[in-house]
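Trainee: The chain contents come next:
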Amino acid sequence: MEESTFLCRCEDVTLKEVRELIKEGYTSVEEIRRLLRVGMGPCQGRTCRHLLLQEISKATGKPICEIDLGRFRPPARPVKLGVVADGAEGGDDGE
Amino acid sequence: MSESADVVIIGGGINGVSAAYHLAKKGFKKVVLLEKEYLASGSTGRCGAGVRAQWGTEMNIKLARAAIEKYEKADEELDYKPGIEFKQKGYLLVAYTEKQVEQFRKNIALQNSLGVPSRFVSPDEAKRIVPFLNTESLMGAAFCPKDGHINPFRATDAYARAAKRLGAEIRLHTEVTGIKVLRGRVQGVQTTFGEIHCPVVVNVAGPWSREVAAMAGTEIPTYSQRHQILVTEPVNPGVQGPMVMSFHHNLYCQQTPHGSFIMGLGDPHEPIGHDTGHSWQFLEKMAKRICWMLPILREVRVVRQWSGLYNMSPDCHPIIGEAPEVKGFYMAVGFSGHGFMLAPIVGQILSELIAGEKPVIPVEKLGLDRFAAGELNVEPSVV
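Quick note, the sequences are listed as chains A and B, same order. Position one of the first sequence corresponds to residue 1 (the working numbering), numbered consecutively onward. Position one of the second sequence corresponds to residue 1 (the working numbering), numbered consecutively onward.
The shape of chain A in the complex, shown without the other chains (with noise of 0.2 Å):
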């Protein structure tokens, strides 16, 4: 069931894998995302982040709202690199 069961669906990263590394003392949002990659997709944890907070609350017994939520970094949804460069202003392009 953990083996099949998908906690971070961008990054293909399985509730197994989450909770081998909160058993070996990985507690914290931003330890797991950086070792398994979990929120860093597409979504930016807009799906797994709460599943990740629900794992670490209960393995370690402290309340959601007192664990770290990592941090939130931009932007907001994913743009086309071409979209940003044809929007921006002033003329430094490669030159």
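Possibly wrong hints are sitting among the right ones.
[As the list claims (entries may be wrong)] Within a straight-line C-alpha distance of at most 30 Å, the following computed DSSO-like cross-link-like pairs (lysine-lysine) qualify:
# : chain 1 : residue 1 : chain 2 : residue 2
1 : A       : K16       : B       : K87
2 : A       : K23       : B       : K81
3 : B       : K73       : A       : K16
4 : A       : K16       : B       : K62
5 : B       : K164      : A       : K62
6 : B       : K36       : A       : K62
7 : B       : K62       : B       : K81
Because the hints were derived from the structure by calculation, they are not lab data.
Dock chain B against chain A, hints included.
Mentor: Frame of chain A; chain B shown alone:
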């Protein structure tokens, strides 16, 4: 009763864990690494993840070459199952001016003399190596197939786990608040969880190197500067093999084995300090420049931007060694943006120096006293 240790390491980045591993391996019984947040939370975990031996000075080339050789064998040496994801597909350094061509040819001759297999390539060959490269106004490039990409989180984890297996202790969320020095000799450190007596302290605090050195009464000429970076969604991992780097545009761009593209650029007007924020100006500038250089990336989406700190030294070479006026206070700082790639050999050298042995690569020239002497050999190849 307060505790004691043989060596206390300040900083849980890649150089800290590498030092912990090499010291434990050398037989130091009680090695304690102190990290104020968590491993790779500072510059290591924010870096561009590139490793290259294509440098412009003999010292940097020697260190980088040795480090890459150690990284090649790291999974095996450290018995690290997940793997550090070394993608050894090279670095392509692109040249747009006569002056750059001349500098690259000079660098390549020096690199070749030190056993680094770099070579100068024509714009056509550059295009064969990176098929989506815009060759407009390109005059040629330097290429070394041994350079590449490594996952910094995994590399840090690999050294940390190996260090722990050898008996080193790693304490997270523990901040050093003071260093005790008596009659020019290190006595111990004060932390947020009490004191540790120790004859040797290692400053590998990256962007906080100057502040940590000051705790031991040592003044060092390093300073920190923000560098911004972004990552895209993953696409077919076969799009781009090597890292592409342009000193002309002050940028680099690499596809990771996972398929995402990581890219950053250096801003010469960036103020000195510890700001790790992000700006839309960077996002726009980066997008414009990269869409010109690698037009295929127009269609790829950026998912995240962040920043990290370079810990700069005046000559863009690290400061490695014991502080001349404080016995037992060692440092490996001021890496100027290439601390991650040098870490395996730096950790080894620190362990050799601390054991009183002759280091595998002589590093007297990287001592703190070089700044007073005033004869600096500045590394030309930093983005």
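Trainee: So, for every hint listed, does it hold in this structure?
Mentor: For each hint, the structure was consulted:
1. Our distance criterion of 30 Å between C-alpha atoms is met by K16(A) and K87(B), whose separation comes to about 27 Å.
2. Between K23(A) and K81(B) the alpha-carbon distance is near 17 Å, which keeps this suggested pair within the 30 Å criterion.
3. This hinted pair checks out: K73(B) and K16(A) have alpha carbons roughly 29 Å apart, not beyond 30 Å.
4. A C-alpha spacing of about 43 Å is found between K16(A) and K62(B), which places the hinted pair above 30 Å, so the restraint is violated.
5. The hinted pair formed by K164(B) and K62(A) meets the criterion: a straight-line CA distance of about 27 Å does not exceed 30 Å.
6. Of the supplied pair hints, the one linking K36(B) and K62(A) holds, its CA atoms being roughly 21 Å apart against a limit of 30 Å.
7. Using a Cα cut-off of 30 Å, the hinted pair K62(B) and K81(B) holds, with the two alpha carbons roughly 29 Å apart.
Taken one by one, the earlier hints fail for this structure only at number 4.
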